[in-house]
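Chemist: Sequence:
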Amino acid sequence: MSNLFSNEWMSKYQDVWNNESELSGELAKIEFNSVIGYGFDGDENPIGVLTVKKGKAVSSGAYKGEELNWDLRASETNWQKWIAKPPGMVGLGMAYTARKLKFNKGDYSAIVKDPRMAGPFIKSFAAMGQV
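Once you know that position 88 of the sequence shown is 88 in our numbering, the rest is easy, because the numbers rise by one and skip nothing.
No lab work stands behind these hints: they were computed from the structure.
Watch out, some of these pointers could steer you wrong.
[Stated by the list, open to error] Derived BS3-like pairs (lysine-lysine); straight-line CA-CA distance at most 27 Å: (1) K113 - K54; (2) K81 - K29; (3) K12 - K100; (4) K105 - K12; (5) K64 - K113; (6) K113 - K123; (7) K29 - K100; (8) K53 - K113; (9) K12 - K53; (10) K100 - K85; (11) K12 - K56; (12) K113 - K29; (13) K123 - K105; (14) K81 - K105; (15) K81 - K100.
Only a predicted model underlies this, so the values are computations on that prediction, with no experimental measurement involved.
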């Protein structure tokens, strides 16, 4: 596996994202647009960024100061654990409550309150496991 959230990793993640109908296809139905940062807890900035337009990832790579809608952070150990065995909604809820998964930007409760977003959010962790 390449370095987590590196340019190479994010490019592969973009491809997987776009090939997962339960992820990009479902988000296309709600015309989901977002700039999502991924990184490690405690770092000033995210490492990687994924830009999504109408459900499809249209660009990815190293974070270069983009305005983010979502900024997801966790320890490298937790990211690796979730990539190896993607969590379900309960597991993500527990990780959020225990502050193992942090939203430096974005609203976790907005995701769980909207089933059209909750399913794809869970699927995004499974997609990471395919990189």
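Chemist: The structure should be examined with respect to each hint, and the outcome stated for every one.
Modeler: The hints, checked one at a time:
A C-alpha spacing of about 20 Å is found between K113 and K54, which places the hinted pair at or below 27 Å, so the restraint holds. Taking the CA atoms of K81 and K29, the gap is near 30 Å; set against the 27 Å cutoff, the hint is violated. A threshold of 27 Å between alpha carbons decides the hint, and for K12 with K100 the separation of about 25 Å falls inside it, so the pair holds. Taken as a hint, the K105 and K12 pair is honoured in the structure, with Cα atoms around 24 Å apart against an allowance of 27 Å.
The suggested pairing of K64 with K113 is violated, with an alpha-carbon distance near 31 Å, which exceeds 27 Å. Distance check on the hinted pair: K113 and K123 sit about 16 Å apart at the alpha-carbon level, within 27 Å; holds. Between K29 and K100, the direct Cα distance comes to roughly 30 Å. Violation of the 27 Å bound is thereby established for this hinted pair. Taken as a hint, the K53 and K113 pair is honoured in the structure, with Cα atoms around 21 Å apart against an allowance of 27 Å.
With a CA separation close to 17 Å, the supplied pair K12 and K53 stays within the 27 Å bound. With a CA separation close to 15 Å, the supplied pair K100 and K85 stays within the 27 Å bound. Our distance criterion of 27 Å between C-alpha atoms is met by K12 and K56, whose separation comes to about 14 Å. Between K113 and K29 the alpha-carbon distance is near 17 Å, which keeps this suggested pair within the 27 Å criterion.
The straight-line distance between the Cα atoms of K123 and K105 is roughly 20 Å, inside the 27 Å bound, and the hint therefore holds. For a cut-off of 27 Å, the pair hint linking K81 to K105 stands: about 22 Å separates their Cα positions. For a cut-off of 27 Å, the pair hint linking K81 to K100 stands: about 11 Å separates their Cα positions.
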